[in-house]
Structures are given as structure tokens and as C-alpha cells.
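Residue numbers (the working numbering), protein chains in the order written: chain A, 1 to 477; chain B, 478 to 927.
Keep in mind the hints are simulated off the structure, nothing from the lab.
Certain hints may be false.
[What the hints assert, rightly or not] Using 27 Å as the maximum straight-line C-alpha spacing, the simulated DSSO-like pairs for lysine-lysine come out as follows: (1) A:K154 / B:K736; (2) B:K648 / B:K493; (3) A:K132 / B:K493; (4) B:K693 / A:K450; (5) A:K132 / B:K736; (6) B:K702 / A:K243; (7) B:K736 / B:K785.
[Unchecked claim] What the simulated footprint calls covered on chain A by chain B, stretch by stretch (three residues with Cβ under 8 Å from a Cβ of chain B suffice, anywhere in the stretch; the number is not a length): (8) 66-78; (9) 194-203; (10) 240-248; (11) 265-276; (12) 417-429.
[Stated by the list, open to error] Between beta-carbon pairs, the in silico distance windows are: (13) B:L620 / A:E18: 54 to 62 Å; (14) B:G842 / A:N218: 51 to 59 Å; (15) B:D681 / A:L284: 47 to 55 Å.
Every residue gets a Cβ at the ideal spot worked out from N, C-alpha and C, and that includes glycine.
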Amino acid sequence: MAITHPNQADLLESGVVEVDVLERVLAKALEGGGEFAEVFVEDRVNNAVHLDDTRIEELVSGRTRGAGIRVLAGATTGYAHSADLSPEGLLKCASAAASAARGQSGGTHVVALSSPARNRQGETVPPESIEKQRKVELLNIADEAARGRNPAIKQVSATYADSRRRILVANSDGVLATDGRVRTRFMVQCVAVGDTGMQTGTDAPGYTQGFEFFDAINPESVAVTAADRALTLLRARPAPTGKLPVVLRRGAGGVLFHEACGHGLEADLVGRDASVFRDQVDQLVASPLVTVVDDGGFEHGWGTSAIDDEGTPVARNVLIENGVLSDYMWDLIRARQSGRASSGNGRRETYQDLPMVRMTNTYLVAGETNPDDIIADTEYGLYCASLGGGQVNTATGDYVFGVTEAYLIENGEITDPVRAAQLIGNGLETLRLVDAVGNDFDTWAGTCGKDGQGVPVSAGQPTLRVAELTVGGTARG
Amino acid sequence: MAEIPIFDLALRVVEKAHPGEQVEAYVTRSRTTEVAIHAGAVESLVVAEPAGVGVRVLLGDRQGFAWAGSLDPDIIDEALGAARDNATFATPDDSLAFATLADGAGEVAELDLWRDDILTTATADKVAYALAVEQATLGADPLVRAVESAHYGDSATEVAIVSSLGVQVAKRSTGCSVSAHALAGQGGATRTGYGFSAGRAFADLDLNVASADAAKRAVRLLGAKQPATTNLPVIFDPLVTRSLLALVGGALGGEAITKGRSMFVGREGETVGAPNLTLVDVPTDPAAFGASSHDSEGVPTRRVELIKNGVLTGFLHNIVTGRRAGTATTGSAVRGYASTPGAGARALCLTPGPNSPEEILVAAGEAFYVQSVSGIHSGTNTVSGDFSVGAEGLMVRNGEFAEPIREVTIASTLPRMLSEITAIGSDLTWFPGGAAGLTLLISEMTISGS
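Based on the sequences and whatever the hints tell you, model everything.
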């Protein structure tokens, strides 16, 4: 791939850090007696344009640059970080990390890094090459499209956002790797006002790619989707309560499986005895219709990269195959402790954070049933076309999920829209209760939060049915 | 690099203002310690000094913004340049303005929010304290089988706000907490419980409170079942009340109000809650974890009355939302360095009622005591008022806790909940998270189960 923009140079090429300095810093980090040391360097540029109430309210530019150094000594990880990338700054940071993790076998260390594994994204249009005015115009187009949809749309806000994140990982095992990722996102939120009050609707596609994002994503259709969600809710009736069959439209429900089963398959939580999936490898934990994959290399996925934030190449990891639990997701530390290789799931929000086991692009693999047949085969239930956020207690498997667009299914047909409601269930139970899996597929982009760190992830799934889930609506019995 | 005081860094940015433009710098630097404990060992120890700067440039009535998670002088200069360029693309808005020394004129609360022992206590002592909370949680009840994680964290934070209009504010505060997640029961029947203790000084912490709460909250849920769907009175634990108040506070923020995105829009002077409901924001109270002498635009903070005896009496404004609403700032600007100021609460507080939590349990008859909620952001909408969240807790009968309950949602609408508050506890407690908690009785909510 030819370098078409200066920002596409990696952190070695652009001289942010030198290989010999990294080797000295790693040696310094091990002087206190650690068994493993790592330097993570990050330089990230964020740009966003916000439109609100027909006005271009704000253009925001952000820059994050620094290094985090970690030292492992026994079960303890010492960590320090610094925004000062000079050799002196990095050496001081290495000493701080070393003193936080004091081990038994101090002394002199020599670290020799291998030749760098360089990764670069094949983005064709760097966002920096696009005039700010053009990004402004995209927002104006979305604003007009949403308002033009229906006079009931009273408020429109929209955001264009891009980020370029360049990272470098060097560790005392000799690993040296760089990566660069560009992400682009377009979000529209609408407020519709009617006799029944105010309702909101949102759509927010995001992909790991440059400005060519807009070859496939049309600002007008994002705006129309958001507007229609708000308008639909205006004529929605209260959601039902109690246990019902729930059909999740393609793309809408991936995030439910991210929460309901993905987090419980993270090796750090499993190791902490905080997962219902502990000791379940090779066991039937889900309906045989269920195959769940986490794929860090999913093309243009919101959670895609070439290496994770520990320098491990990402992979397509099968977590559940035909209902049987095949493996957990691993980062470097948990993998070292278990004498195996990392699965490429060690991620962190910024250089200020310790990496931990995180999902990337997690999806339930498509099946063979026509999605229309799934609906036709459901006498009474809830059809979820869009979900909001959710939360899981991995130790118990209990989760909740906000439904932001849903309809009743009556006699095998989608009928009236219903208002916001919460789905509640247990991850293990839900996996077992999947009784129909469609042959379609779509994904959803979002930010996954864990221990205060947010990282970009995507989730995906075909249209599918859960035989029964508890729906917490407001219809009073 | 020698450490330059952040106030001087902020001054240097503002001195670079071009003729005809206004510049504001918001600079923050913290010293933080985080300890994570698992199975009797230190899992991680992070000692760090996060810092950042946010620069706003006002070119006439257009604003540009840039931030940097670094105090490197070159990167700060780059941020100033980016903010200046960004301003040229913004739509002119005559509501835009920076604070002046005349804004929020009046007394500045004298608050001493800094405790030296956060910095003078040895890291080893902090680590030992975190190990001790894990041990105490394990020992608190024989039914606690493990501690999922135990944590200690502290921060000592300095903030400088300087603008070319003469605002020059420096403030600082400390805080710390210790917490544990207890696991009780086996396999699929595992229940979890969280306990914590928080303070401004290391000496304020009480690990016995954290460990006893974590153990009690996990153990009392053992054997919890999903009940049948029904409507019942609901009692909120003080921590749940805190989360509810934070939601209500968000809907009273100037941005939500002036942009028409709140259930409270246009309702000033109207009844929005039960007659016993009085809600204020008191950032001037040093007991509140969110206490602050000045807001994030450098305006002195004050007590802001929001709801009095059930009637909506005010909103929380910063400079821009105040101007937009045809009123003035209430000293309620809130922000971090990576965003422009919003308007929100720092220390929300309901006026306590006459009854103890025990008396409320008796008064409730048959009720659901909500120990914790989940999905409070995904399940609530402060525009439409819809409220549906996951919950676990205990049934209450004859004034006492009965069987534990799990896997239910509790649902209503926020306006309805506010008007159905039939008792407010006397047990006011400040928590981290911008609001105080107390026990609350709501006369009816839908409990969705099987």
C-alpha cells in the first residue's frame, strides 16, 4: 500500500520512538526483577463535527500521545504511563513501573527486539485529506433529510467523527509491532413530538475505514432511519410485560449476545471465578443452532485491527460451535498464566490503561431459516428491530437490555410498534432458548465498557428467535 | 521535563490570544493510585499522573475547540491552532460567551477539599489496605465463597481555568475509595454483592463498612427467584435513589432544557412531583463528594433549588444555556478537558423526610425492596420519561425483609414515579456520583417477572 498521507507513516517511520531506546527502556523496566516488560506507545488524533438544531455547533480536534509501560513480577502487574516520549521520560516511566512490581530476580537485562512487524490499513481516502467544509456539508444534508421526513421531527442533531490511532508495542520477548487504524462514524439523533409526548430515534453506523466510508453510507438514509425510529415510537403503545418469544432482527441483537455471553467468555473474568462459563469448555452451553465467533480481522468492522494492543495478531476465534463451548478469549497475561497463546484479545482504551481481555467483532453465525418464516412461525411475541445498551453481571449471567424499536408479533405478522422496554434474562438460559436462526446477517457498531475502559466493538447476528425472554414493559396488568 | 504548574500553563495559552479573539484554557492534572486485588495477591498497581488541556477560542460569535491529553508545550500550541481553525467553520451563535468576573457575582464558598494524606500515605500502606478489605469480606460471612475483586483507588486533582476575559481560577481536591465484590453461593446460584467506603482522606476510609456491605448484599440474595408479574409499592435502597436523582438531574440540565430534550421543558412553575419532594443542588456543601468552589467555566458555585414541594422551580445553567434560556448561569458548568462545558449537577440532594428506613419498611406493607438496578441508561429515557430497568432485591412483608428476588424489571415513567413518592427517608448519605442517597418509597411500579 503506497503511503498517500504523512499520517499513514507508523510510529517508527515518523521517528516518534527509536528501536534502541525501546531496548534500553525494556532493560530498565526489568532491573527491579520482573519477568516480562512491555512498552506501548500511542498517538491518536480525533476529529469531530457536531450539528445541533440546524447549526454547526462545534468542531473538535483531539490529540492523545504517550506511552504506558508494564512490568510483570509473579502475579503482580506494575504499570506507569507518561506523555513524555523523550528517552529520559520513557526511562523514568520504566523505573516507576518496575518499582510498582518488585520481583525476586533483579540484575542486568539485555533486550533485543526483532525486526518490526508493520501493519497498515488499506484505507483509500485519509480523512485528513478531506476539507472540513465537506464534513460540515454531510451534516447539513442529514439535517435536511431528517426534517423533511415529517413535520413532527422537531430536533435533529448529527455528528461526523473520525479517528486515526497509531500504536507500537515492544516487549521483552522481542516482539516489535506497529499498527495504524482509521475509523469513521456518522450519527443522527432525532426528537419527534406528537400527542403522546416526545420520542427519540438514533442511527450511528461506524466502520474501520477512511472517508471512503461514505461510498457505502449515505447521510440521508442514516437520517431517515433515525427519524423513522422516533416517528414510529410516537404511535407506539406500551410494551407488554412478562415472558414472551422474542425475535431479534438481523444486526439488532448481536449486542445482546455480546453482553449475554461474550463477556462471560473473557478469560480474565473466568479466571476470577466471575463467569457462569467457568469449567464449561467442551460442554453444551447453547442451542445447537448457536455458533459464536469473535473476529478481530472482520473486514472494516468497528472493532477491527491487525494486532491487538499487546502486539498479538488478531484472529477469528470460534467461541461456541454448534452449541458447544470451544474456547475463551485471551490476552497475554491470562494466556501466560495458563501456558497457552493469546487469542489476540488484549485491548486498552488508551496508553493510560492496562490491557485486558476484550471482544472485537463478535457475532452469531447465520443459519438456514428464511427470516420471514421465523416471524410467520411466531404466534405472539416481540419483534426487536433496534436495541440500546445493556449490562451483564458475568458472575450470575443475568443481563438487561434496552429495546429502542420494537413491534408486536400477532398471528405470525408484525403489527403495532411498542414503546421502550427492557429485556431481562440470563446468558446461559438465553443461549439454550435460541430456537430459530435466520440466513440473513448484519452488524452494529458501539463502544464496549469494562472496568471504566471503552473500546470500539461490533456485534452481529442473523434474524433469530429466543423462545422466551422476560419483557419489562409498562403495560399494566 | 520539569513540572510546570498547571495554572502557569493555562496563563501561557491565554497570553497567545490574537487581537479580536477570546481564548480560554482548562488544564487539569491528577496524581492517581489504583490497586486491584485478587486471591490474596496484588493483581495490578497503577501509579499515574494523567493530565490534559482543553482550549476554546471565540472568534466573534463563533467557537472552536481542541483538546490534548498531554501537557507537552508543542502539543498545547497545536491545540490552540486547531481550536482557532475549527472556529471558522462553526455557525455564528450570539448565545456564545465566556464567563466574566461579573458572572455569578457573590460569595465564593470557602471549601477545603484537599487532604495531604492521599499523597503522603505510602503506596505499600494503600496496597495493604486493599488486601485487608478482601480478607475482611471473605471473613464477614461463611456463605461468601470468594471475592471477585477488591480495589483501592485515589486521586489528587488540580484544575486551572484561565480566560482572556480575566477569569483565573485554580482549585484542587482529593478523593479515595475502597471496595469489594463478594461472591456467595455456588455455580448458577451465585449471587454478587458490592460494598464500598469513600472519603476525601485516606483516614476517612472504613474497610469494615465496605466488606460488611459486600458480604451482606451477596448473602441476602441467595436463593433469589423470579416472581410472577405484578404491581407493587417499591422501596429504593439509598444507592438506587442516588442513580434515580442523577437521571432527574440530567433532565434538569440547561442543555437538555434549551434544546427541548427533556421531560421538564416548559414546565417551570408546574407540579412535577409529590408535595414532599424538594430537590436542590448544593456544590457548596463540603460533605458532598462533588463539592466545588467554582464551576468548570470559573464561575462561583451556589445552591440551586430545582424542585420545591413538588413544584419545578429551576434549572441548572452554564453561561451559554443561561443566555439561551434568557436567564443567567447558575454556576453549573461541568466538563473534563476533552469536551466543552455542559450544564449539570454536582451535588443533588433531596430534603430528607421524618422516617427512618425501618419505619418506611413498616409503612410499605407488601413491597419490593430494590437493592440494585441495572441498565439504568439503556432502560430510561429522560425525554419521553419511560423508565424500565433490571432489578434485584428482597420482598418486604410486615416491616421485614422476606424472600430475595432476581431477574425482574421494574417499570413506570419518571414523571409518575416522582409524583408517587410517598415517603422519603431520614437517612441522607453522600455518595460519589453527584448525588446523595436516602431510602425512598414509591407507591406503585410494574414488576415484570414470569
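- Numbers of unmet hints, in rising order: none
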